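Colleague: Start from the sequences, fold in the hints, and give me the full structure.
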Amino acid sequence: MPPKKTSEKGQTDERTSSDGTQTSFARQTGKVIEIFSIPAPIKKLFDLVPVVVYPANPLPQRAPKSARIPSLYVFSKGQDAAAGRPSFNPSCLKWQTFLNIAGIDHRLISSNNHASPTGALPFLLPAVRSSDSSQESLLPVPSNNFVKYASEHGGIVEESPSMRYSAYQSLLDHRIRNAWLFTLYLEPLNFDAVAYPLYIASTSSNPIVRASISHQLRNAAEAELLKHTAIIDTDDLYSEADKAFEALSILLGEDSWFFGSDKPALFDASVFAYTQLLLDNNLGWKERKLCRALRVRDNLVQHRERLLVRYYGGS
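Following my numbering, the residues of the sequence shown are numbered contiguously, the last one being 319.
Wrong hints could be hidden among the right ones.
[Claimed, not checked] Lysine-lysine pairs mimicking DSS-like chemistry, simulated, CA-CA at most 27 Å apart: (1) LYS293 / LYS231; (2) LYS81 / LYS293; (3) LYS267 / LYS290; (4) LYS81 / LYS290; (5) LYS293 / LYS247; (6) LYS290 / LYS152; (7) LYS290 / LYS247; (8) LYS267 / LYS247.
[What the hints assert, rightly or not] Computed Cβ-Cβ distance ranges for the label pairs, DEER-style: (9) ARG168 / VAL305: 18 to 24 Å; (10) SER209 / PRO146: 28 to 34 Å; (11) GLY317 / LEU230: 36 to 42 Å; (12) LYS81 / LEU193: 19 to 25 Å; (13) ASP196 / ASP239: 19 to 25 Å; (14) SER260 / VAL151: 20 to 26 Å.
Rather than coming from a laboratory, the hints here were simulated on the basis of the structure.
Predicted, not measured: the structure shown is a model, and the values here were computed from it.
Glycine included, every Cβ here is placed at the ideal spot set by N, Cα and C.
Modeller: Laid out in structure tokens, this is it:
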């Protein structure tokens, strides 16, 4: 008996049976191939006109004005973003204010975390300056690269070389931020009056979706606070924030800007990110314990007012 016909790879050819006749599988496959095969006349035409992949079209030379300056994506109401008003989110407001201080012209875009390449706001979309702008130069810039971006694009970037800088920044990043998370998300009155309309009601009109987002935000805030302690002690949170405000007040003293600088810098923006929001009566705070702890420090209140007037046209 002759050996079975094998393919080029040495495998048994499944298209024929042992007696050389086509198998049922082969017959069915042949029918499918015939159905989807290209008719000979059309195939000859395609052979004469090969497929060509053209390069991507260049960006328009006359880009709209909005694309000629960087776009900063932040948490904000649509009308507030259009007017350049302060964001209602501390992280966004910090970097919004920094870019203003550095002199980086930009427009605000009301957005949310889902629109961010990193999953968090803010981020900066660079300007389209010409049709030959490289793709790399148009990539979104995350907030941890804002200082570098500003320095590379003509911004005035100054920061105190003080050895105490990191210690005072820690007060903002931990004590004050922890109290902020609690007062915004875990104080029921403030959650309903402030957090809900800003972060939840604006995202969906569906009550089930709103309930889900509410649950997620409160759980996330609670989980963040429990990273540093076994239980959430409300009195301790507010007490630590009060001490932090006192330390910042002593640091500022009678100066206009922190660390004795003659002009505001990133640290001033970091402080303003909380003082502006806690002192903004338009947000509608109901439980005002954290607001009161700040308001009794007159120099911090005045520091907030100076930045508000200089970069946002006042209240």
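Colleague: Please go over all the hints and tell whether each is borne out by the structure.
Modeller: The hints, checked one at a time:
Note on LYS293 and LYS231: the hinted pairing holds, with a Cα-Cα distance of about 23 Å set against a maximum of 27 Å. As the CA atoms of LYS81 and LYS293 are separated by approximately 26 Å, the hinted pair is consistent with the 27 Å bound. Restraint check for LYS267 and LYS290: the C-alpha separation of about 34 Å exceeds 27 Å, so the hint is violated. Of the pairs offered as hints, the one joining LYS81 and LYS290 holds, with about 21 Å between alpha carbons and a cut-off of 27 Å not exceeded.
A distance of roughly 13 Å separates the Cα atoms of LYS293 and LYS247; the hinted pair therefore holds under the 27 Å criterion. Among the hinted pairs, LYS290 with LYS152 is inconsistent with the structure: their alpha-carbon atoms are about 39 Å apart, more than 27 Å. Between LYS290 and LYS247 the alpha-carbon distance is near 22 Å, which keeps this suggested pair within the 27 Å criterion. Pair hint LYS267 plus LYS247 holds up; C-alpha atoms about 26 Å apart against a cutoff of 27 Å.
Take ARG168 and VAL305: their Cβ atoms lie about 22 Å apart, and the range 18 to 24 Å holds. At roughly 31 Å, the beta-carbon separation of SER209 and PRO146 lies within the given 28 to 34 Å, and the hint holds. Separated by about 40 Å at the C-beta atoms, GLY317 and LEU230 satisfy the suggested range of 36 to 42 Å. Checked against the hint of 19 to 25 Å, the pair LYS81 and LEU193 passes, with Cβ atoms roughly 21 Å apart.
Remark: the range hint 19 to 25 Å for ASP196 to ASP239 is upheld by a beta-carbon distance near 22 Å. Checked against the hint of 20 to 26 Å, the C-beta distance between SER260 and VAL151 comes to roughly 22 Å, which is consistent with it.
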